[in-house]
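Novice: So the chains spell out like this:
2 protein chains.
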Amino acid sequence: MRILGIDPGSRTTGYGIIETQGNRLRHIDNGIIATNTTAPLATRLKTIHDGVTRIIAEFAPEVVAIEQVFLAKNPQAALVLGHARGTAMVAAVNAGLPVHEYSALQVKSAVVGYGRADKAQVQQMVKALLNLPEIAQEDAADALGVAICHAHSRTLNQALTRTGR
Amino acid sequence: MRILGIDPGSRTTGYGIIETQGNRLRHIDNGIIATNTTAPLATRLKTIHDGVTRIIAEFAPEVVAIEQVFLAKNPQAALVLGHARGTAMVAAVNAGLPVHEYSALQVKSAVVGYGRADKAQVQQMVKALLNLPEIAQEDAADALGVAICHAHSRTLNQALTRTGR
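As they're listed, the protein sequences go chains G and F. Under the numbering used here, the residue at position 136 of the first sequence is numbered 142, and the numbers go up by one with no gaps. Under the numbering used here, the residue at position 146 of the second sequence is numbered 152, and the numbers go up by one with no gaps.
It is possible that part of the hints are untrue.
[To be verified] PhoX-like cross-link-like pairs, simulated, lysine-lysine; straight-line CA separation at most 25 Å:
id : chain 1 : residue 1 : chain 2 : residue 2
1  : F       : Lys-79    : G       : Lys-79
2  : G       : Lys-79    : G       : Lys-125
3  : F       : Lys-133   : F       : Lys-79
4  : F       : Lys-52    : G       : Lys-52
[Unchecked claim] To give an idea of the interface, some chain G residues facing chain F are shown, with a C-beta separation under 7 Å as derived from the structure:
id : residue
5  : Thr-53
6  : His-55
7  : Pro-81
8  : Ala-84
9  : Leu-85
10 : Gly-88
11 : Thr-93
12 : Met-95
13 : Val-96
14 : Val-105
No lab work stands behind these hints, which were simulated from the structure alone. Here the structure is a predicted model, which means the values were calculated and not measured. Note that CB positions come from ideal geometry on N, CA and C, so glycine has one too.
With the hints as extra help, turn the sequences into a complete structure.
Specialist: Quick look at the structure:
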């Protein structure tokens with residue numbers, strides 16, 4: 007199964023694509039969609055929508071995983087982030103893909119095995135799990151993390167089904 | 007010029023379509039896009055996107071006007087509202103339409119002539135300006151209000167251009 011992970015942001019939206027082969031994970035691609043922060047909001051949202059649509063067309067994932075966002079204390083920041091995240095989700099549903107949401111706690115638990123892991127630990131484990139020497143952008147590493155989280159949740163669900171629990 | 011006004015919300019998104027004929031305003035249509043609040047967020051966003059896309063296809067507006075949202079004190083509410091508003095904006099830009107944003111102050115000033123007018127006064131003036139006996143939904147009335155605001159701003163801009171200011 008091919009999974010697209012997305013880490014949405016109003017400035018940069020990270021993406022990461024992995025493939026599950028049995029219990030193994032294979033890295034396919036990662037990167038960011040950068041918006042022009044001086045452009046009007048509608049233009050920036052179009053950049054995100056077109057970027058996600060292009061990535062889906064190029065890599066043909068079967069499912070999208072997206073992180074539930076960190077709750078900013080600032081309502082204005084939350085509002086703008088909501089625009090970006092909603093746009094990324096709409097691009098996925100417009101492409102006919104199911105969208106799964108995971109909390110930061112779920113991502114950390116799945117990737118590091120510890121829900122209070124820090125950002126550096128998550129990124130270190132993402133690299134180790136995917137056998138990548140480096141990941142150029144932090145947002146792309148976070149997107150790979152949420153894709154791995156979906157892969158693990160899915161494996162766990164299958165195991166639970168098999169053991170009849 | 008035909009103008010689509012949008013009042014976005016995660017539960018209901020109001021829309022209103024008006025046409026300017028010289029200095030006159032004509033009402034074309036209004037209503038709401040209601041989402042299933044028990045459905046996953048991605049599904050609700052698809053309802054908003056498809057609804058706005060359908061309205062644009064049916065009524066062929068040339069421009070979209072959308073209100074800058076009231077800043078909720080609650081970041082969670084702001085985040086969800088941002089998803090809905092971003093989705094409506096993306097549907098407009100995907101249809102190739104320019105999107106103009108207006109603050110509540112601008113809408114009230116344009117419709118009532120007084121920036122601190124209350125909601126009931128705005129809705130009363132929207133009905134009077136468009137010669138409508140009733141507007142069934144509050145969100146649709148608000149959407150007509152932002153469309154009227156765009157019509158007035160445009161008329162003012164043209165007047166300023168003509169007088170060379």
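Novice: Next, verify each hint and record whether it holds.
Specialist: Hint check:
no.: 1; hint: F/Lys-79 <-> G/Lys-79; result: holds, 9 Å
no.: 2; hint: G/Lys-79 <-> G/Lys-125; result: holds, 19 Å
no.: 3; hint: F/Lys-133 <-> F/Lys-79; result: violated, 31 Å
no.: 4; hint: F/Lys-52 <-> G/Lys-52; result: holds, 16 Å
no.: 5; hint: Thr-53; result: violated, 10 Å
no.: 6; hint: His-55; result: holds, 5 Å
no.: 7; hint: Pro-81; result: holds, 4 Å
no.: 8; hint: Ala-84; result: holds, 4 Å
no.: 9; hint: Leu-85; result: holds, 4 Å
no.: 10; hint: Gly-88; result: holds, 2 Å
no.: 11; hint: Thr-93; result: holds, 5 Å
no.: 12; hint: Met-95; result: holds, 5 Å
no.: 13; hint: Val-96; result: holds, 5 Å
no.: 14; hint: Val-105; result: holds, 4 Å
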